[in-house]
Amino acid sequence: MYTQSWLVTAYIIRISVGGQPTMLLSKFQGFLPCVAVCRRFLGPTFSLYLRRQEPKDSTTFHALSCHTSPVKMLSQAFSSGNGHWNGQRTGKKPVTITIEGNIGSGKTTLMEFFSQHEDVTTVDEPVQKWRNARGHNLFDLMYRDPKRWSFTFQSYVQLTMLENHRTQVATPIKMMERSVYSARYIFVENMHQTSMMSDPEFTVLDELFQWVISNHDIGLDRIIYLRTSPEQCYERIQRRCRTEEEGIPLEYLKALHQLYEDWLVGKKYPIPGSVMVLDGSAPLEDMLKMYRAKQDSILCQG
Numbered sequence: 001m002y003t004q005s006w007l008v009t010a011y012i013i014r015i016s017v018g019g020q021p022t023m024l025l026s027k028f029q030g031f032l033p034c035v036a037v038c039r040r041f042l043g044p045t046f047s048l049y050l051r052r053q054e055p056k057d058s059t060t061f062h063a064l065s066c067h068t069s070p071v072k073m074l075s076q077a078f079s080s081g082n083g084h085w086n087g088q089r090t091g092k093k094p095v096t097i098t099i100e101g102n103i104g105s106g107k108t109t110l111m112e113f114f115s116q117h118e119d120v121t122t123v124d125e126p127v128q129k130w131r132n133a134r135g136h137n138l139f140d141l142m143y144r145d146p147k148r149w150s151f152t153f154q155s156y157v158q159l160t161m162l163e164n165h166r167t168q169v170a171t172p173i174k175m176m177e178r179s180v181y182s183a184r185y186i187f188v189e190n191m192h193q194t195s196m197m198s199d200p201e202f203t204v205l206d207e208l209f210q211w212v213i214s215n216h217d218i219g220l221d222r223i224i225y226l227r228t229s230p231e232q233c234y235e236r237i238q239r240r241c242r243t244e245e246e247g248i249p250l251e252y253l254k255a256l257h258q259l260y261e262d263w264l265v266g267k268k269y270p271i272p273g274s275v276m277v278l279d280g281s282a283p284l285e286d287m288l289k290m291y292r293a294k295q296d297s298i299l300c301q302g
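Throughout the sequence shown, residue numbering follows full-length UniProt numbering, covering 1 to 302 in sequence.
I should point out that these hints are in silico values taken from the structure, not numbers from a laboratory.
Derived CB-CB ranges, DEER-like:
(1) 268 x 108: 20 to 28 Å
(2) 128 x 269: 23 to 31 Å
(3) 300 x 112: 14 to 22 Å
(4) 137 x 112: 22 to 30 Å
(5) 168 x 109: 20 to 28 Å
(6) 155 x 117: 29 to 37 Å
(7) 216 x 269: 17 to 25 Å
(8) 117 x 195: 40 to 48 Å
(9) 300 x 145: 35 to 43 Å
In silico BS3-like cross-links for lysine-lysine, where the CA-CA straight-line distance does not exceed 27 Å:
(10) 268 x 147
(11) 267 x 254
(12) 254 x 147
(13) 147 x 129
All C-beta atoms, glycine included, are put in the ideal place defined by N, C-alpha and C.
Based on the sequences and whatever the hints tell you, model everything.
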């Protein structure tokens with residue numbers, strides 16, 4: 001019935017175990033019909049990544065095709081070693097880069113430039129999720145009444161940024177716009193320092209952050225810090241006219257800038273990867289030239 005003499009290497013990814021948001025990887029080899037049965041009965045909780053390879057000899061192929069049952073294959077899969085799935089066909093964890101900087105520092109331009117690179121998958125800041133959390137625009141609510149909504153908003157930011165960190169990619173390089181680290185060390189910190197967030201609220205978010213970084217493999221290989229003056233950021237914000245950003249004062253941008261300096265230059269807070277500082281105040285054409293010239297260093301390929 002099955003005429004192709006192919007072995008199949010199947011990776012079963014378990015999305016949750018015992019209610020915990022963990023991800024396990026199991027690997028086994030077997031005949032294609034067995035993999036089809038696995039796919040049928042495991043359902044949406046699991047997904048399969050398949051790689052066909054020629055059997056080393058006909059004896060091996062015959063033994064697997066005749067004697068490997070779906071039940072045995074599943075048993076082998078769950079008893080085998082596990083590791084973190086990273087979305088790459090090679091099984092090698094991608095180089096993870098985060099682009100950090102103030103509002104209006106030029107992050108979007110940098111992300112758009114490198115999105116054209118064949119080795120790079122870009123993961124944008126999940127702004128659309130913040131604008132529509134089951135019909136609620138948390139982004140807008142936070143800007144309109146930060147004292148009331150900053151805790152709610154930053155809780156959702158941590159959740160959605162964790163999702164970005166865990167997004168699977170099929171390229172050697174994953175480039176993210178901001179991270180859970182800047183959410184904590186810049187934006188949550190600012191809300192607390194300016195009394196827009198109470199001590200108990202800050203404690204809860206910090207406990208959540210500490211749990212996230214302790215229980216998830218979300219380390220970074222490179223942090224690109226677009227160092228842009230608050231005044232330049234303010235001018236750019238005025239030009240792009242985003243609804244939620246209307247009324248952002250220069251003083252707010254100055255406060256965020258100082259926190260970025262404290263974190264990525266002054267090392268006041270833990271830094272989860274090597275830092276590369278780029279001048280983000282130059283005109284667009286000059287910025288693009290700089291990205292081309294420093295491409296290998298930015299992508300950790302130099």
